[in-house]
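Work out the full structure: start from the sequences and follow the hints.
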Amino acid sequence: MNSKRPSGNSVHSFPRPEEALIETAHLKKSFKNNIAVSDLNLSVFKGDVFGFLGPNGAGKSTTIRMLLGLIHPTNGAIRLFGKPFPKFRRESLLKIGALVEKPDFYSYLSARKNLEILGKLSGGVPKSRIDEVLKIVKLQNRGDNPVKTYSQGMKQRLGIAQAILNHPDLVILDEPSIGLDPEGMKEVRELIRSISSRGVTVFLSSHLLHEVEQICTRMAIIHRGEILVQGYVSELLQGGKTILTIRTPETTRAQSLLQASELVQGMELQNEVLKIQINYAEIPKINAMLVQAGIRVFELTPTTSLEDFYLSILKQAEDVDTRKN
Amino acid sequence: MWTLVKIEWIKTFRRWRTYIGFATIGFFLPLFFVAMKLSGGEFILNSPALKSIQENFIVIGNIFNGMFVSRMLMNTLFVHIPLLVVLVPGDILAGEAASGTIRTILTRPPSRLAVITSKIILSLFYTALLLIFMALLSLTVGYFLFGLGDLVVLKNGILIFTLQEALWRFALAYALAIVAMSVIAAVAFLFSVMVSNAIGPIVGSIVVLIIFLIITASPIPAFESIRPYLFTTYTDVWEKAFSDPIPWTIIGKYVGVLVFYSTALFGLSAFIFQRKDILS
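So the protein lines, in turn, are chains D and A.
Going by the working numbering, 165 is the number at position 165 of the first sequence; the sequence numbering is gapless.
The number in the working numbering is simply the position in the second sequence, starting from 1, with 1000 added.
FYI, nobody ran anything at the bench for these hints, they're computed from the structure.
One thing to keep in mind: the hints can contain errors.
[Unchecked claim] Derived lysine to aspartate or glutamate pairs resembling DMTMM-like cross-links, with alpha carbons at most 25 Å apart: (1) D/Lys285 / D/Glu262; (2) D/Lys32 / A/Asp1277; (3) A/Lys1006 / D/Asp131.
Listed below in structure tokens is the structure:
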């Protein structure tokens, strides 16, 4: 394992490998002829709320399963808490809480019994801690009921409860909001914030962009098993493409003018509103260009959402794939 | 390890499915005994061999007693007991894979080897418990319905065991049966490691058992060369407990082969489980 910066278009330099809780080097997993993860270099640092984004089938769950020892990598190396994994599997897993895909429990047992069993597997937890985590996930009044009587949202919360049960330093959550209604999603987001505020590092796999945008400090985007970008969310968004909404009564003239400009990377007209894709730094030049041409501008609104950024990154990757083929 | 075994115990014995085997024996065994009682055993006592015993020997108590019926039951049920034995070992890993709980367990610190060892121990424990339950129930119901007495065994002639001797031979027979059934449990366990649904291993192991039993019992000469390699050739080892003198050398060989099969099958299961990708 090297301690170099991860690959991908990372924008922030953070050479502090001693603080990396998760590091992968050239991690690869293939199932027969299907490559699920390819040359994956990932770094998650202490204190991060790390968003692991990607479309369905991108390799998120396979990566997480490799990080937890559920799947054996075909190639590459993993270090957890600075130590090779799975060589130091027990030591690492004692400090990790995880929820992999859907939360599955012994449905015929109560939540409390499930937590007791899982706690014992991690060296044991006092009864008071079980009460405490049930309270954190707001299941204190249902703790003695069999899990089979729980709703999906309750199971999801119980999944998070078991992940934080043993006071882990790192919590790995794989799609924790899947199958939840908006209220449930909000609850899960609040729970993640609350976990993070206690100094726990969170690795969150999700395809819900707004979820990552709202709670993550750093992120990586994975597509077809490869990391496309990783870095601080704020910096990635700044360096990314911006959608500029332009309101003007002279849309035809504005359209012709901007079409000729090299600054504009994409354009569409919707209900007499012009939307162009540009780099954030080029906004003043566009403004000047319109004014100099005598076009009356009523509104210029830049929006740099994670959704736009994510879609543009994926589009670039797909364009590259198309060209290769 | 003890903690893991205790956890397996809780998970196994808090499920109603675990009790199907016990319930089946608990229902069928008394039914068998009551049916025998109602028939008065005349159809057996009137057989030429038993008639001859009653006429020519002084037998203490009734020939048609609890010991006699218990041994009849062993003969009758031992073909079917494997169907009940496979229920827990066949489900113990496949069930966790199907329900997804295997992920939750394996993301915790205990190693895969420790997890599978605890499941093997529990499977063996269940097998032993099922047979001990059958033995105790059979003797208890037999005692209350028929009373106990000397045991008559018709096997290459006529053998008569005193009650005391018959009891320890029963204990030996059931101990040997536990060894034999452990191989069946190991077959189901191996299937359980390989698939992710609960029914597959149960059906799979029963199919293997049926095929092996047919080959073992079939008089076709072509099967003779493979018969020594089938565990079913050795699973009737418990019957040797009722021979006189007890063929300890043969029992030793049979037990050795059966233990070898169990160890190999459980070992192979552990090997596969260690290397398996958990995708469920």
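We went through each hint and held it up to the structure:
1. D/Lys285 / D/Glu262: holds (11 Å)
2. D/Lys32 / A/Asp1277: Within the cut-off at roughly 13 Å; holds.
3. A/Lys1006 / D/Asp131: holds (22 Å)
Consistency with the previously given hints is maintained throughout, with no hint failing.
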